[in-house]
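**Q** What follows is each chain in one-letter form.
There are 4 protein chains.
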Amino acid sequence: MTNTQLSLIQIDNYGPWTVTPEPRREMDLQTLQSRLFADLAQFVGSRDGYVFFTRFDNMVAVTNGLDEADHELLQESIANRYPVTISLGTGVDASPVEALESATAGLQTAGSAQDGDRREVLSGDVLAESDRMPEDLQIAHFDVNDATGKYTDRLNEFDSFIQIEQGYATLMRYLREEYGALSFFVGGDNIISVCPDMDEADYRDAIAHVEREAGVELKVGVGTGRTAHVAGFAAKHALEVCREEGTDVEFDRPHVEVADD
Amino acid sequence: MTNTQLSLIQIDNYGPWTVTPEPRREMDLQTLQSRLFADLAQFVGSRDGYVFFTRFDNMVAVTNGLDEADHELLQESIANRYPVTISLGTGVDASPVEALESATAGLQTAGSAQDGDRREVLSGDVLAESDRMPEDLQIAHFDVNDATGKYTDRLNEFDSFIQIEQGYATLMRYLREEYGALSFFVGGDNIISVCPDMDEADYRDAIAHVEREAGVELKVGVGTGRTAHVAGFAAKHALEVCREEGTDVEFDRPHVEVADD
Amino acid sequence: MTNTQLSLIQIDNYGPWTVTPEPRREMDLQTLQSRLFADLAQFVGSRDGYVFFTRFDNMVAVTNGLDEADHELLQESIANRYPVTISLGTGVDASPVEALESATAGLQTAGSAQDGDRREVLSGDVLAESDRMPEDLQIAHFDVNDATGKYTDRLNEFDSFIQIEQGYATLMRYLREEYGALSFFVGGDNIISVCPDMDEADYRDAIAHVEREAGVELKVGVGTGRTAHVAGFAAKHALEVCREEGTDVEFDRPHVEVADD
Amino acid sequence: MTNTQLSLIQIDNYGPWTVTPEPRREMDLQTLQSRLFADLAQFVGSRDGYVFFTRFDNMVAVTNGLDEADHELLQESIANRYPVTISLGTGVDASPVEALESATAGLQTAGSAQDGDRREVLSGDVLAESDRMPEDLQIAHFDVNDATGKYTDRLNEFDSFIQIEQGYATLMRYLREEYGALSFFVGGDNIISVCPDMDEADYRDAIAHVEREAGVELKVGVGTGRTAHVAGFAAKHALEVCREEGTDVEFDRPHVEVADD
Numbered sequence: 001m002t003n004t005q006l007s008l009i010q011i012d013n014y015g016p017w018t019v020t021p022e023p024r025r026e027m028d029l030q031t032l033q034s035r036l037f038a039d040l041a042q043f044v045g046s047r048d049g050y051v052f053f054t055r056f057d058n059m060v061a062v063t064n065g066l067d068e069a070d071h072e073l074l075q076e077s078i079a080n081r082y083p084v085t086i087s088l089g090t091g092v093d094a095s096p097v098e099a100l101e102s103a104t105a106g107l108q109t110a111g112s113a114q115d116g117d118r119r120e121v122l123s124g125d126v127l128a129e130s131d132r133m134p135e136d137l138q139i140a141h142f143d144v145n146d147a148t149g150k151y152t153d154r155l156n157e158f159d160s161f162i163q164i165e166q167g168y169a170t171l172m173r174y175l176r177e178e179y180g181a182l183s184f185f186v187g188g189d190n191i192i193s194v195c196p197d198m199d200e201a202d203y204r205d206a207i208a209h210v211e212r213e214a215g216v217e218l219k220v221g222v223g224t225g226r227t228a229h230v231a232g233f234a235a236k237h238a239l240e241v242c243r244e245e246g247t248d249v250e251f252d253r254p255h256v257e258v259a260d261d
Numbered sequence: 001m002t003n004t005q006l007s008l009i010q011i012d013n014y015g016p017w018t019v020t021p022e023p024r025r026e027m028d029l030q031t032l033q034s035r036l037f038a039d040l041a042q043f044v045g046s047r048d049g050y051v052f053f054t055r056f057d058n059m060v061a062v063t064n065g066l067d068e069a070d071h072e073l074l075q076e077s078i079a080n081r082y083p084v085t086i087s088l089g090t091g092v093d094a095s096p097v098e099a100l101e102s103a104t105a106g107l108q109t110a111g112s113a114q115d116g117d118r119r120e121v122l123s124g125d126v127l128a129e130s131d132r133m134p135e136d137l138q139i140a141h142f143d144v145n146d147a148t149g150k151y152t153d154r155l156n157e158f159d160s161f162i163q164i165e166q167g168y169a170t171l172m173r174y175l176r177e178e179y180g181a182l183s184f185f186v187g188g189d190n191i192i193s194v195c196p197d198m199d200e201a202d203y204r205d206a207i208a209h210v211e212r213e214a215g216v217e218l219k220v221g222v223g224t225g226r227t228a229h230v231a232g233f234a235a236k237h238a239l240e241v242c243r244e245e246g247t248d249v250e251f252d253r254p255h256v257e258v259a260d261d
Numbered sequence: 001m002t003n004t005q006l007s008l009i010q011i012d013n014y015g016p017w018t019v020t021p022e023p024r025r026e027m028d029l030q031t032l033q034s035r036l037f038a039d040l041a042q043f044v045g046s047r048d049g050y051v052f053f054t055r056f057d058n059m060v061a062v063t064n065g066l067d068e069a070d071h072e073l074l075q076e077s078i079a080n081r082y083p084v085t086i087s088l089g090t091g092v093d094a095s096p097v098e099a100l101e102s103a104t105a106g107l108q109t110a111g112s113a114q115d116g117d118r119r120e121v122l123s124g125d126v127l128a129e130s131d132r133m134p135e136d137l138q139i140a141h142f143d144v145n146d147a148t149g150k151y152t153d154r155l156n157e158f159d160s161f162i163q164i165e166q167g168y169a170t171l172m173r174y175l176r177e178e179y180g181a182l183s184f185f186v187g188g189d190n191i192i193s194v195c196p197d198m199d200e201a202d203y204r205d206a207i208a209h210v211e212r213e214a215g216v217e218l219k220v221g222v223g224t225g226r227t228a229h230v231a232g233f234a235a236k237h238a239l240e241v242c243r244e245e246g247t248d249v250e251f252d253r254p255h256v257e258v259a260d261d
Numbered sequence: 001m002t003n004t005q006l007s008l009i010q011i012d013n014y015g016p017w018t019v020t021p022e023p024r025r026e027m028d029l030q031t032l033q034s035r036l037f038a039d040l041a042q043f044v045g046s047r048d049g050y051v052f053f054t055r056f057d058n059m060v061a062v063t064n065g066l067d068e069a070d071h072e073l074l075q076e077s078i079a080n081r082y083p084v085t086i087s088l089g090t091g092v093d094a095s096p097v098e099a100l101e102s103a104t105a106g107l108q109t110a111g112s113a114q115d116g117d118r119r120e121v122l123s124g125d126v127l128a129e130s131d132r133m134p135e136d137l138q139i140a141h142f143d144v145n146d147a148t149g150k151y152t153d154r155l156n157e158f159d160s161f162i163q164i165e166q167g168y169a170t171l172m173r174y175l176r177e178e179y180g181a182l183s184f185f186v187g188g189d190n191i192i193s194v195c196p197d198m199d200e201a202d203y204r205d206a207i208a209h210v211e212r213e214a215g216v217e218l219k220v221g222v223g224t225g226r227t228a229h230v231a232g233f234a235a236k237h238a239l240e241v242c243r244e245e246g247t248d249v250e251f252d253r254p255h256v257e258v259a260d261d
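Protein chains in written order, with the numbering used here: chain A, 1 to 261; chain B, 1 to 261; chain C, 1 to 261; chain D, 1 to 261.
Okay, chain A solo, but in the shape it has when bound:
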């Protein structure tokens, strides 16, 4: 069974800061946001977690394997190098959306995201090292069938983007409502979903729904692991199998080591 540890990363009082004392240059804000995300991606990613940019002022991370001290260090390091600070809430649950619900609740209880006095909150639970298991995470990596041939090389870039975006908007809502899975657009034609235990039929159902509703054809590789990186890497390999074999859904197969005798 999955046991997902999620962290909500929230820039403290960011909205008001962006217009104080008057609006700041948009490209400076874009630079700040994307570099902050990149730094989080390196910190969390080099500890085998995943971070998604979501709304940039609120980001969601899969942090199985990171403990409270790691979260504190991240908070301290960001405060040392940026003009803004971050609050962090963590939660653990078999259902990703429930884990995020806990993570979010911790910050909400501490005050509003736009409360100038609420800074660098750190709240919530992490998974004890002794409770961690090889199947704590199920990660699905979707992409769009032949996006380059059908969209990028044919339509203007915005019309290509609309196709991908509508596919994403449909998938994100469906997987959240039906399964409690959280789906994130990660660039190109790629979507990564943090999922509870779902089987092949569930993924076929989701793909069919997106094709029906948005006319976008997806395929998906699915991996499991003790960390987001392990599960996500397995998912990428499974997606490569889809590409090679022309299939729609592939789970990573256990690499069986055959003994000599």
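Please note that the accuracy of each hint is not assured.
As the list claims (entries may be wrong) - So the derived label-pair ranges between C-beta atoms look like this:
id, chain 1, residue 1, chain 2, residue 2, range
1, B, A94, A, D159, 38 to 44 Å
2, D, W17, B, E178, 48 to 54 Å
3, A, T247, C, T20, 56 to 62 Å
4, A, E244, B, E120, 38 to 44 Å
5, B, P83, C, T247, 33 to 39 Å
6, B, E120, D, D67, 38 to 44 Å
Note that these hints are calculated values from the structure, not bench results. All C-beta atoms in this analysis are idealised placements derived from N, C-alpha and C, irrespective of residue type, glycine included.
Here the structure of chain A is known, so what remains is to put chains B, C and D in place on it, guided by the hints.
**A** Just chains B, C and D now, with coordinates in the frame of chain A:
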């Protein structure tokens, strides 16, 4: 009348690169993409243009004021510092979507986005300095009414994100289809649109459509200018007026200097 | 005759900030400093200037071609993205050290580098566009003869570094005292000097002095230009000529185009 | 007794790359180097190690606590995001210079730093977790007495820099020759030394030597610890004691917790 210069920024052969010789760590790809975007935002932004991350492997920039030499320098500098290269296509038109159509066509003619031999293409037209006018650009800056109170402080982060995202998906499609405007999510609850000449009724129409279809309430500040920064900054100030006065649509008003005598 | 425009970039009140409320993690400070330098290098460099990291809290830039508005924009953009602000002083003179003297004096007059109330000073003169000439800058690019063979592949890294460092310490002092030139270590075995009009004999003199005092053998390419990039690029090409022809001092020669008839 | 683990970080074949096919823009090289260093500082620093930029194409890191897998991950992540790759050599010894000697030898044995076929070497030993002790590292943090009052606020920036630089050049050589300690300039008026077991008299000797030879007055805080961060942080606190009490050499004192009863 508007005269929008758009540049399509396309990472050359990026998809294949991300899985060669085998899939690369996802957080390294995320870091690479977001830092590349940040560098583009600084280069273009400090020349008063705007860049939007769109799909990250394909980005759209508003580049009125940047000439061919600027585009070449950008291309050279990225090639010197990244493991990937970029192709650039430019286009100019009263209609943003038509400008992007031209910009995209230049790259498509040169070959596929996944053609390993098609590298560092630079194609298309730029607006001659002598043709540039103070109303070349119309930029609209939307945000969601009380997003913090209604979503961020109440729902879990993913459910907040779904609301914002569905509002964005609806707006982007409507403005593109009805007006040829290009809309980009820029973080938080903010959407920036690059528009043709649109009037107050047009913006009210778009806002009403989004509320009807997605249940998301938007307001918008609109600015015009010779550059994206000037137009966008005026739009931000107009949006501040919306916030102060509780209005839905504001255009930046000329700052009239009253003489003493 | 040279006409060098130099800018002193000083982080405001940095020393006290690094230990308030208590000492900050050293690697966060190192990250902050080197990324700030990188951002300055991109801003100034993409406008054909040069920046040197010097002491990191005080940096020296060659800014021929950048006007006061460019300096203001840089200041604003850094303040938007970093937890620290910068003051900028500019100066212009045939002698680099005199230009820097003026640039520094502007900030010193405004208050101490560690005065908490002295923030974002912008002072000094820039070269009027109409006064700029193709020989405003003379840049010399030195490197160490066979540094890889003699040091890097033979000694431990610190002992290699000591050799390079002692060569640099000797050269920087000599060129400053004898000629008013400013020399900066730029990594590897490379030193870049911002020079007044110096001739081949002057450079031979400096190279001989360093060999005599520090036992380090240098060669140098020298370029002139309207901007640091043009002069420095010519210097790099001249240094390539030294490498190919085994010479010690080369000036960039005008590229003569020979007509067919 | 100290037991220092040092890693040599060497950019593979960097010199030739910077001039192939022709010289690259200097500010792009400076940006690349300083950002690469910043990324190493974050990776190593968030694992409680230290990295020094040294010559930028060769950097020295104190890596007690980082194992071979950490080094491999660092190598992979850099290769995914930069146009260059790095080789890493590690060594362990009571004497810092001997540790670096081992670290360097591993790379030298594998080939020249400018051998195009020698890429991503990883060689050398790391300290077993079971052998790590609370006094493995001794870190000294030096600064210049009243550098702002004596230099920064009085001299032009280059002349200030010359003073700091000559003080550093003298200290680095003396500590290396007399004690096998490795000293690195870290910006401002700060020098950090990685030392073997040295006592108060040794530090007084070094400070006196620098004052005599270079006329630069230093003070120093010294810390010990299981990691570079712990030792270096203790050194920073000790240096604060120097500042408050006007002393020249301070060792971090154990923080005695006094019980209530």
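**Q** Verify the CB-CB distance for P83/B and T247/C against the hinted window 33 to 39 Å.
**A** At roughly 35 Å between Cβ atoms, T247/C and P83/B fall inside 33 to 39 Å, so the hint holds.
**Q** A94/B and D159/A, beta-carbon distance inside 38 to 44 Å?
**A** 18 Å, violated
**Q** Note whether the CB distance of E244/A and E120/B lies within 38 to 44 Å or breaks it.
**A** Roughly 30 Å apart at Cβ, these two residues miss the hinted range, so it is violated.
**Q** Return holds or violated for the Cβ distance of T247/A and T20/C against the range 56 to 62 Å.
**A** Hint holds: Cβ distance 59 Å, inside 56 to 62 Å.
**Q** The hint says 38 to 44 Å between E120/B and D67/D; measuring C-beta to C-beta, is that right?
**A** 41 Å, holds
**Q** Taking 48 to 54 Å as the stated bounds, is the beta-carbon spacing between W17/D and E178/B within them?
**A** 51 Å, holds
In this structure, the earlier hints numbered 1 and 4 are contradicted, and the remaining ones agree with it.
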